[in-house]
Amino acid sequence: MASPQVVGASIAELADGVRARKWKARELVESFLDRIHRLDGRLGCYLLVDADGARWRADQVDAAVAGGRDPGLLAGVPIGLKDIFVTRGLETTAGSKILRGFVPPYESTVSTRLAAAGAIALGKLNMDEFAMGSSNENSAFKPVRNPWDLERVPGGSSGGSAASVAASLCAGSLGTDTGGSIRQPASLCGVAGMKPTYGRVSRYGVIAFASSLDHPGPFGRTVEDVAALLEVIAGHDACDATSIPSPVGRYRQACAAGLAGLRVGVPEEYFQAGMDPEVEAAVRGAIDEIARAGAKLVPVSLPHTQYAVATYYLVCTAEASSNLARYDGVRYGHRTAEASSLEELYSKTRGEGFGVEPKRRIILGTYVLRSGYYEAYYGKALRVRRKIADDFRAAFSKCDVLATPTSPTAAFKLGERNADPLQMYLADIYTVAPALAGVPALSQGCGFTRANLPIGLQLIGPPLGEEAIFRVAGEYQRRTDWHKRLPKDPS
Amino acid sequence: MPRIQPDEVRTIAALARLRLSEPEIERMTHELDAILEYIDTVKNLDTGNTEPMTHAVPFDCPLRPDEPKPSLSVEEALQNAPRRHDAFFEVPRIVPGSGEGA
Numbered sequence: 001m002a003s004p005q006v007v008g009a010s011i012a013e014l015a016d017g018v019r020a021r022k023w024k025a026r027e028l029v030e031s032f033l034d035r036i037h038r039l040d041g042r043l044g045c046y047l048l049v050d051a052d053g054a055r056w057r058a059d060q061v062d063a064a065v066a067g068g069r070d071p072g073l074l075a076g077v078p079i080g081l082k083d084i085f086v087t088r089g090l091e092t093t094a095g096s097k098i099l100r101g102f103v104p105p106y107e108s109t110v111s112t113r114l115a116a117a118g119a120i121a122l123g124k125l126n127m128d129e130f131a132m133g134s135s136n137e138n139s140a141f142k143p144v145r146n147p148w149d150l151e152r153v154p155g156g157s158s159g160g161s162a163a164s165v166a167a168s169l170c171a172g173s174l175g176t177d178t179g180g181s182i183r184q185p186a187s188l189c190g191v192a193g194m195k196p197t198y199g200r201v202s203r204y205g206v207i208a209f210a211s212s213l214d215h216p217g218p219f220g221r222t223v224e225d226v227a228a229l230l231e232v233i234a235g236h237d238a239c240d241a242t243s244i245p246s247p248v249g250r251y252r253q254a255c256a257a258g259l260a261g262l263r264v265g266v267p268e269e270y271f272q273a274g275m276d277p278e279v280e281a282a283v284r285g286a287i288d289e290i291a292r293a294g295a296k297l298v299p300v301s302l303p304h305t306q307y308a309v310a311t312y313y314l315v316c317t318a319e320a321s322s323n324l325a326r327y328d329g330v331r332y333g334h335r336t337a338e339a340s341s342l343e344e345l346y347s348k349t350r351g352e353g354f355g356v357e358p359k360r361r362i363i364l365g366t367y368v369l370r371s372g373y374y375e376a377y378y379g380k381a382l383r384v385r386r387k388i389a390d391d392f393r394a395a396f397s398k399c400d401v402l403a404t405p406t407s408p409t410a411a412f413k414l415g416e417r418n419a420d421p422l423q424m425y426l427a428d429i430y431t432v433a434p435a436l437a438g439v440p441a442l443s444q445g446c447g448f449t450r451a452n453l454p455i456g457l458q459l460i461g462p463p464l465g466e467e468a469i470f471r472v473a474g475e476y477q478r479r480t481d482w483h484k485r486l487p488k489d490p491s
Numbered sequence: 001m002p003r004i005q006p007d008e009v010r011t012i013a014a015l016a017r018l019r020l021s022e023p024e025i026e027r028m029t030h031e032l033d034a035i036l037e038y039i040d041t042v043k044n045l046d047t048g049n050t051e052p053m054t055h056a057v058p059f060d061c062p063l064r065p066d067e068p069k070p071s072l073s074v075e076e077a078l079q080n081a082p083r084r085h086d087a088f089f090e091v092p093r094i095v096p097g098s099g100e101g102a
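Keeping their order, the protein sequence lines are chains A and B. Quick note on numbering: the working numbering labels position 9 of the first sequence as 9, and the sequence is numbered without any gaps. Quick note on numbering: the working numbering labels position 102 of the second sequence as 102, and the sequence is numbered without any gaps.
Since the hints were made in silico from the structure, they are not lab data. Ideal placement from N, C-alpha and C gives every residue a C-beta, glycine not left out. Certain hints may be false.
[As the list claims (entries may be wrong)] Not everything, but these chain A residues come out facing chain B in the computed CB check (under 8 angstroms):
no.: 1; residue: Trp-23
no.: 2; residue: Ile-244
no.: 3; residue: Ser-347
Please build the complete structure, drawing on both the sequences and the hints.
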């Protein structure tokens, strides 16, 4: 039996090897656990490692293979779950002290589906508290460091999900994207990540931040890995009333379908002054490569782009302030030691349990929903949100996929922006509009800066246009080797 | 002219049942002022004929048959409760009285 080389391996290679009995799922798990044990002290990707559970599930997969049964598309593939997915019997915190010690009595739909396809969850990945942040510095427990430069952030809020794939501390992972929280860390860590169409993937068992914007989705080293994970987790779920009943696409197949006849739109508003010149050069170079591959480039306009960040922070804080009302010290999580009334129990528990960013967003959300302000802020934001969605509809009458940068800069340094919340919010400038419109969008590597930091290309599709995105992403990846570059292991 | 004053932050924090320290209120007032200034840019956009968008995709609220099904047991529902009393979540007394408090 061959010894598995897990560093830089793709999901397909690992699963094929398990099915072909080249190696055992248990060996894959031991290899990743060993890497986590040696390296994660420097990176901070994991909040919890479930070594015993992973070994037990690996043995189940190996027993299935030995018995001649197919364990599934993700046979024995070790993955990580952002700590926002509830896992039965395994502590789930959403990166917050207010949920420390919370052991869910049920399991999220997506983690159930991954396990049913043979994947093995290694543990729970670090994140910004309640998925609020763009740098992972808002985790209540520890920051995540970027594997390409330990002084820099991995992006957020799914920073652990992106960094763990980049550093080969799991073969693939799940995150959530509310305003860019999958795509921006994927870009900053040099991996692929996708926010599918809103409703394509069930939110059941995903701790809520902003319900009309929360999108679970996958991370992988290659776009085929992202496609494989999405095929497993996508699809209707009776437990999520907003989930879409349409059949799941053939995403892996689309990655190899080529670009014949495809029109790729380039929105002028995503190439404005203020973006880093190295990022702009890499993204424009990627778009040229896509044109050489056979796609027709079409200039398009998304005229309400300039309002997207403001609209996003109005909608998401309003929804967050009501979603986070449930943390009151009564049913689960932190409870203040002393309270003489119910109101004092609530306010002390919440004041002690929430970190700075959730507090800021609860206050802003309560402010914009308040009687007398509602129409001027929240009502207005919902109308602007429609204009932003209409921009995309108009653009997709002229093209099949949009190509843009994912983030205006490569990874920034820890501490560089967290003193100024507005500057941090502007990190989301290219990712929030597709979130507001609910359209699918993927980030994949398209270059490196002179300082050897990854740069991401964002591909955006119309609602349920995931396959068109994978066609472009697969063809671009086939023509480039950015995804083959790996960061050095931290010493 | 600041858009928001510390007293307003205190009022909002009380509405949100969120206890903030005085330094937190000072800091948050300052930060919210900058954020609101930025957010106010949406007010310049004419949205007179635009319907509010509450769902990202066209959405009809689906109804399911109202049939009883198994759900969490009382023990599972209470397993994370910081304080419990028999089959209940325990909270401080909310009705004034002199009887035995839970």
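Honestly, which of those hints from before does the structure not fit? Number 1 only.
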